[in-house]
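Asks: Assemble the complex: chain G is given as a structure, and chain W must be docked to it using the hints.
Number of protein chains: 2
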Amino acid sequence: MSLITSQKIHINKASSSRINDVDFNNLTFGSVFTDHMFECDFIDGNWQNPTIKPYGPISISPAAKVFHYGQAVFEGMKAYKDDHGKVFLFRPKENLKRINKSSVRMAIPEFPKDVFFEAMHKILELDKDWIKSGLGNSLYIRPFVMATQVGVSASPSNAYKFMILLSPAQAYYTGEVRVVIAQQYSRAADGGVGFAKAAGNYGAQFYPTNLAREKGFQQVIWTDSNEHKYLEEAGTMNVFFRINNTLITAPTNDRILDGITRKSVIAIAEKNNITTEVRKITVSELVNAAKDGSLKEIFGAGTAAVISPVSAFSYEETLYELPKQEPSFASEFKKELMEIQHNLTEDPFNWRYKVL
Amino acid sequence: MSLITSQKIHINKASSSRINDVDFNNLTFGSVFTDHMFECDFIDGNWQNPTIKPYGPISISPAAKVFHYGQAVFEGMKAYKDDHGKVFLFRPKENLKRINKSSVRMAIPEFPKDVFFEAMHKILELDKDWIKSGLGNSLYIRPFVMATQVGVSASPSNAYKFMILLSPAQAYYTGEVRVVIAQQYSRAADGGVGFAKAAGNYGAQFYPTNLAREKGFQQVIWTDSNEHKYLEEAGTMNVFFRINNTLITAPTNDRILDGITRKSVIAIAEKNNITTEVRKITVSELVNAAKDGSLKEIFGAGTAAVISPVSAFSYEETLYELPKQEPSFASEFKKELMEIQHNLTEDPFNWRYKVL
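Line order of the protein sequences matches chains G and W.
Heads up: the first sequence is residues 2 to 357, going by this note's numbering.
Heads up: the second sequence is residues 2 to 357, going by this note's numbering.
If you're looking for bench data, these hints aren't it; they were derived computationally from the structure.
No residue lacks a Cβ here, since even glycine has one placed at the ideal position from N, Cα and C.
It is possible that some hints are incorrect.
[As the list claims (entries may be wrong)] Straight-line C-alpha distance at most 25 angstroms; calculated DSS-like pairs for lysine-lysine:
| no. | chain 1 | residue 1 | chain 2 | residue 2 |
| --- | --- | --- | --- | --- |
| 1 | G | K114 | G | K355 |
| 2 | G | K230 | W | K230 |
| 3 | W | K102 | G | K216 |
| 4 | W | K9 | W | K114 |
| 5 | G | K102 | W | K216 |
| 6 | G | K336 | G | K297 |
| 7 | W | K216 | W | K325 |
| 8 | G | K114 | G | K87 |
| 9 | W | K54 | W | K114 |
[What the hints assert, rightly or not] Computed footprint of chain W on chain G, listed as stretches where at least three residues anywhere in the stretch have a Cβ under 8 angstroms from a Cβ of chain W:
| no. | segment |
| --- | --- |
| 10 | 24 to 35 |
| 11 | 68 to 78 |
| 12 | 160 to 169 |
| 13 | 177 to 190 |
| 14 | 199 to 211 |
Extracted from the complex, chain G is given alone in its bound form (with noise of 0.2 angstroms):
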């Protein structure tokens, strides 16, 4: 990993807040940005220039390797306040560990913990006001990693730019969610790229998605491109799928994320004394048990979303409709996932990371 040395991040701050523009109440997901944004640039062969600045447009060639070869990879994070101020991340480790993953595979050089770490505490210290306390706000984090050098050969680009934006969000899905089982098209590969958070596996699946979408359906589960025989993920979410009392979810492998919201929601489960199983899953298995009654819940669980409980699934053309739980494994782990993020429980599992 190329580090910095001694380089101390550099900061120029905005002139005057665009906060008061904001309606806090009406945010659609990713969309607002805050005052500042982190950047700094892979040069030489180090990460150099650590830099936070006023966000805005960057100037960069349109010959830059990010817009013909997709070379880029990202994160999603979130940051919360409590009520008394105090601001949190959440396995912030966890998304540079799998940032530094994903770079390995995408041909671009990692980031070293020490900046990104730095990084973090200052860019939330400049921005902290847009971090709204209550249960559901949250400052969404997307640091990401595009390829810079000018060049329109295919290979791997000697430049790049790390970056770290911020938006306040609220819930990312309101209402209920509907899911078509992939039959057709797939997300992934096996010894392709679909457990990175690689910027291209998320442009391919738009065209699907919005098929579904044209049915009435948001979102796609992803099957095996092989046989579309075994359910992998939904593409912005790891999926679970309840039945009877028993909560499955696929492995990950080369083509299902390591999502960091799915392993959380697994450590719940079985703190909670809940019978997990993480292994494969075939549509059939599922069909069957929408069939005889004992599938009762299907939701998915990734960190823009949190957990979002899935009302029916579509395969073959036939809509399964899930029945009501009152309580839910879903609602359940939401409300224990939340409360920890937002510092209003006790967190036996040490993932709370104090900022602020």
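Replies: Chain W alone, transformed into the frame defined by chain G:
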């Protein structure tokens, strides 16, 4: 398709040319750009403001979706100048068709044909001095589209930028090409975006290609992601195999790019009464043919590379070196293709498109 109605291309000429700074005998592929570039924005459901302006950096939000979700596609084309100063493109309608096919798969609006061709004519006229005559010289043309909507929610952009960059080029590969047959990593999934020139397809290949390079190979020949049994393509080139005097190449499918050089080679082979088989070919057939001496040639075909003869391949850690062929299919196809492209011979297929 959203059409621009009655909008002329606005031209903002560069105040001076950089052409005298360029050493046209020492060009690194895709690293030098001409004086002008074309851009056109998709806003409010229409392509708007087609403009040719001086080549230079663009100002773009770091929250533009292209950086986060790889929603971007591109094309590769070339312009050629003959000894009388006439300028030609090679089968440009195929490139337009393909970028729009790529766009549909990536949920990007298609670009109108009339603006595409008007832009080509106008920008090539402005930068015609950058096209050098002489066999092997060309002007590489890079049309591409990127998602520009500001927002980090994983959904299709509502704004795009279509651009064309121009880069003077000599031959893409110099020296021999040695390839590795993929056994672990994959380029594309069934039901994925492998057939599209989607940006993320390319970045995803950099890491496994780096691993090959470390062992002294320049390219990877990708196999199917299910079994690694069938030979597919080489990422920036389609691949042809000559066994005895039969030419074999894989059929296109949703994992393999429908290469324009590929179909031109097939047409030239058929015109020359070379037995041509467009069929699945297994790795074991290739290995057996290499062992019994019936494998005479492997070569790649693509716009950037034209025809790249492969001198050796590696499979299961065994190196198979190919005999030198004189004359070879590869050199014959390259000669015929380039003579058509450079207006040095008849054009029985009607492939040349005169611009100037």
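Asks: Tell me the numbers of any earlier hints that the structure contravenes, in ascending order.
Replies: none
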